[in-house]
Amino acid sequence: MTDELAAKLDRLESRGLIEDLVSNYCHGFDKRDYARFLAIWWDDCVWKIGPPFGDFSGHEGIHQAIHDVLWPAWAQSQHVTSNLVVEFTSPDSASGVCDVDCMGLLTDSTDATFVGATYRDRFERRHGVWKIVEREVVIHHFNGFPGTRLTKPETE
Amino acid sequence: MTDELAAKLDRLESRGLIEDLVSNYCHGFDKRDYARFLAIWWDDCVWKIGPPFGDFSGHEGIHQAIHDVLWPAWAQSQHVTSNLVVEFTSPDSASGVCDVDCMGLLTDSTDATFVGATYRDRFERRHGVWKIVEREVVIHHFNGFPGTRLTKPETE
Amino acid sequence: MTDELAAKLDRLESRGLIEDLVSNYCHGFDKRDYARFLAIWWDDCVWKIGPPFGDFSGHEGIHQAIHDVLWPAWAQSQHVTSNLVVEFTSPDSASGVCDVDCMGLLTDSTDATFVGATYRDRFERRHGVWKIVEREVVIHHFNGFPGTRLTKPETE
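Sequence lines, in order, name chains G, B and E.
Going by the numbering used here, the residue at position 112 of the first sequence is 112; the numbering climbs one at a time, nothing skipped.
Going by the numbering used here, the residue at position 137 of the second sequence is 137; the numbering climbs one at a time, nothing skipped.
Going by the numbering used here, the residue at position 72 of the third sequence is 72; the numbering climbs one at a time, nothing skipped.
Some hints here could point you the wrong way.
In silico SDA-like links for lysine to any residue, alpha-carbon gap of 25 Å or less [as the list claims (entries may be wrong)]: (1) Lys8(G) x Thr2(B); (2) Lys131(G) x Asp20(G); (3) Lys8(B) x Gly128(B); (4) Lys48(E) x His27(E); (5) Lys131(E) x Val85(B); (6) Lys31(E) x Thr2(B); (7) Lys131(G) x Thr89(E); (8) Lys48(G) x Arg125(G); (9) Lys152(G) x Pro52(E); (10) Lys131(B) x Arg11(G); (11) Lys8(G) x Glu13(E).
Here chain E is said to cover these stretches of chain B; the calculated rule only asks that three of the stretch's residues, wherever they fall, bring their Cβ under 8 Å from a Cβ of chain E [claimed, not checked]: (12) 3-9; (13) 72-84; (14) 132-142; (15) 145-154.
Keep in mind that the hints were calculated from the coordinates and are not lab data.
We treat Cβ as the ideally placed atom computed from N, Cα and C, and that holds for glycine.
The whole structure should be built from the sequences, with the hints applied where relevant.
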């Protein structure tokens, strides 16, 4: 009985740690904390962003995507993830699907840009640590909002 | 002691399974996966959407709402749910409240439409399976965003 | 072994209760349920909202912020929180970070206002109850969306 409880508990803990990966993707990306962002990916990972940004492999690919492509393209961004559903294929591997709303400001624009997408992920636990093996981004819409801005509140 | 641990663990597992129902409502609806959507509802369910769409009962009502009313009305949509709070009234029944932002495109419009709402739910576990008995939708705002569009990114 | 299981289970339960605090902040604020809102704060709390609203201390400060400043400023609002990451510093204390999208209507405006922010929190469990000791709000953007409205759907 204790073995069964321990297995259920392990599943719940894993679910929480996977949710942390999904959250830290956003915190790392939006707050420009590269160490936090990199720590969610296995070194043989694949990040399939697709158009307009491309696909990237391994920690080298993550570095290139972030420093050469994405952070230069976005002056600021806020990703809000939701609807995470995790399905375990073994105690140490799982797939996930979640949705994201992203409001941001492209460096070549003055209007806010709004993106809606779905992430399809594969997670693995190796030596007791959960990280992302693959994230595929399916973008549903990617549009400027004419006449809007994204600025901090004015201080008196 | 093990009985108490098992009861706590059951509560945590139930919380996760209820969260999956809330997430799969969005995945099923937005990705037009009817099997996934239908699977979250008990066959004696009530889905109180209210104006402008109406109320629906049972799996027949779900079918009608989805195929005759909602999917024809929305060309595309993305629901992002948040703030889920679950209160258990017994080991096998619970109420929930959560909020949703929905960005979508009505079939009769070219502008994006943004909806903010709250879901008030009742969940029941029958024969070991959690599903929704009742979902009431309270819509706070439902507006077009003039001049905006919802389109995929252009591929080179 | 049972002690270790019990400790892990306690951590998972605490994570859920902390998530409820984050959710009830939104439900209490947006649905104007002051009892629900106040119940998430310890009586020696600090709520650092910063510009344009200010900082507030204790239950008296919460009362002032809500009734004299924020509810008068916002005719309606919907906060959607996401990306909650909780780090425990002891079994009874934790820090958290999460993001929020807020769509609302300021009382002095007819256009929708969209806010993106991050909450940095400290939580403590006292006599078995988790509440917020400190919430710092970091606002990333706070802008009107010209030409948009926030209204309920019309009833036939």
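Quick rundown of the hints versus the structure:
As the CA atoms of Lys8(G) and Thr2(B) are separated by approximately 13 Å, the hinted pair is consistent with the 25 Å bound. Simply put, Lys131(G) and Asp20(G) have alpha-carbon atoms about 10 Å apart, close enough for the 25 Å limit, and the pair holds. For the given pair, Lys8(B) sits about 16 Å from Gly128(B) by alpha-carbon distance, which is consistent with the 25 Å threshold. A C-alpha spacing of about 19 Å is found between Lys48(E) and His27(E), which places the hinted pair at or below 25 Å, so the restraint holds.
Simply put, Lys131(E) and Val85(B) have alpha-carbon atoms about 15 Å apart, close enough for the 25 Å limit, and the pair holds. Taken as a hint, the Lys31(E) and Thr2(B) pair is broken in the structure, with Cα atoms around 40 Å apart against an allowance of 25 Å. Distance hint between Lys131(G) and Thr89(E) is fulfilled; the C-alpha atoms sit about 23 Å from each other, no more than 25 Å. For the proposed pair Lys48(G) and Arg125(G), the alpha carbon gap of about 20 Å is at most 25 Å, so the pair holds.
With a CA separation close to 10 Å, the supplied pair Lys152(G) and Pro52(E) stays within the 25 Å bound. Taking the CA atoms of Lys131(B) and Arg11(G), the gap is near 21 Å; set against the 25 Å cutoff, the hint holds. Between the alpha carbons of Lys8(G) and Glu13(E) the distance comes to roughly 14 Å, so the proposed pair stays at or under 25 Å and holds. Requiring three or more residues with a Cβ within less than 8 Å of a Cβ of chain E, the coverage given for the stretch 3-9 of chain B holds, as 3 such residues are present.
A count of 4 residues in the stretch 72-84 of chain B with a Cβ less than 8 Å from any Cβ of chain E is obtained; the coverage claim is therefore met, three being the minimum. Taking a C-beta to C-beta cut-off of 8 Å, the stretch 132-142 of chain B contributes 4 residues in contact with chain E, enough for the three needed, and the coverage statement holds. Check result for the stretch 145-154 of chain B against chain E: holds, 3 residues qualifying (beta carbon to beta carbon below 8 Å, three or more required).
Consistency note: the structure conflicts with earlier hint 6 alone.
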